[in-house]
Amino acid sequence: MCEAVWEKFCEGQRMITPIIRKITQKERCLVERVLPIEGGFSVETGTAVEPFNHLGECRFSQNKLELPKGFKPSNFKTNTRFYYYGCLLGKIGKEKIVAPFDGNMEMDSQKRYIFSENEKNYPLLAGVWGIVKSIRQNKSVLLETQVKDLLLAACSDVYTSGELVVFPNPTDILKRSYLENFAKGIKGKVIYIGHFVELDVLQKAYDMQASAVLSGSAHKDAFDFAKDNNFAFGLISGFGKIKTPESVYKFLSSISFRYVFFDGDQNILRIPVRPEDILKGEGLKPLIKQVEAGMGIQVLQDPYFGWVGTVDRICESSIFVRFGVDKNSVEVRVPNFLIIE
1139 MCEAVWEKFC EGQRMITPII RKITQKERCL VERVLPIEGG FSVETGTAVE PFNHLGECRF
1199 SQNKLELPKG FKPSNFKTNT RFYYYGCLLG KIGKEKIVAP FDGNMEMDSQ KRYIFSENEK
1259 NYPLLAGVWG IVKSIRQNKS VLLETQVKDL LLAACSDVYT SGELVVFPNP TDILKRSYLE
1319 NFAKGIKGKV IYIGHFVELD VLQKAYDMQA SAVLSGSAHK DAFDFAKDNN FAFGLISGFG
1379 KIKTPESVYK FLSSISFRYV FFDGDQNILR IPVRPEDILK GEGLKPLIKQ VEAGMGIQVL
1439 QDPYFGWVGT VDRICESSIF VRFGVDKNSV EVRVPNFLII E
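Here the sequence shown stands for residues 1139 to 1479, numbered as in our numbering.
Please keep in mind that the hints were generated in silico from the structure rather than gathered at the bench.
Below, a list of computed lysine-lysine pairs in the DSSO-like style, where the Cα atoms sit at most 27 Å apart:
hint : residue 1 : residue 2
1    : Lys1277   : Lys1325
2    : Lys1358   : Lys1381
3    : Lys1388   : Lys1325
4    : Lys1207   : Lys1249
5    : Lys1232   : Lys1249
6    : Lys1381   : Lys1427
7    : Lys1210   : Lys1234
8    : Lys1229   : Lys1202
9    : Lys1465   : Lys1427
10   : Lys1164   : Lys1327
11   : Lys1379   : Lys1365
12   : Lys1327   : Lys1342
13   : Lys1164   : Lys1277
14   : Lys1379   : Lys1327
15   : Lys1234   : Lys1207
16   : Lys1164   : Lys1427
17   : Lys1325   : Lys1234
18   : Lys1465   : Lys1381
19   : Lys1210   : Lys1249
20   : Lys1327   : Lys1388
Between beta-carbon pairs, the in silico distance windows are:
hint : residue 1 : residue 2 : range
21   : Gln1248   : Ser1272   : 35 to 45 Å
22   : Glu1384   : Ser1272   : 34 to 44 Å
23   : Asn1466   : Thr1162   : 32 to 42 Å
All residues carry an ideal CB built from backbone N, CA and C; glycine is no exception.
Start from the sequences, fold in the hints, and give me the full structure.
Below, the structure written as structure tokens:
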């Protein structure tokens, strides 16, 4: 929209602007829960479920270790051999390789050594409050539920899910410390890691097998790493160093440890909620609104492009915006901003 057209919305110091809602809700939403391989289900169509209810299970080897070239096995005299956790598998040069879990080692058709964990039961939890709509070929269950969606400014095109863990908004040094302290429990989890994440912190989360990482912002090198490695990574505010809106952070903190779904194709983090958490009349909210002091807005003007701040005061064809605890405000001309809710 050009500035001349935009200014027709303004009347003195009254100003109307479009709204971006970071968090929206759906009263009816279908979520598919899938087993890694075919298994059995303990529910049927019409069953009411809650997040920690078991839907079914399957049994398979959940971890594999492909040993590199130069590996020399220890006491491997048949096509396959069982090793207990901690036992010597063999060596690469002088380096000893021990079994990271109970399992069997075998040589494949290309003469590579593969060590596979013993088969274990894999339980499939509902992850939502809802109703079973259908079961497909002993592999997946379709559930009808209600959700709140967090709109991501940018994300890698990956679909995954896991328990949400919300870190505070600390310094980069503390972020690494948090990851180290969560080392045994980070695997398979969706981690919110702060206002901004550096490449090395993202790489650490990837190496520790986090399911997904969320942050307020990041530089392009971190985002490119996630895309190149098919790793689920979502930015709430955008590129650069942009804080997560306070309302979004409070919402994430309120649902920490809930099972969530990262949908990169739709640019959302999908959060299951209870039926009573759905607000009536939410879908009737306006798409535009009069700008008022104290509102949260996102700036679309250099050098603050993408930054999220608070309206300090309103002039005829511009507003003044504060960022964080900074007492100084900057001028932003229409139409270079959007209301954030």
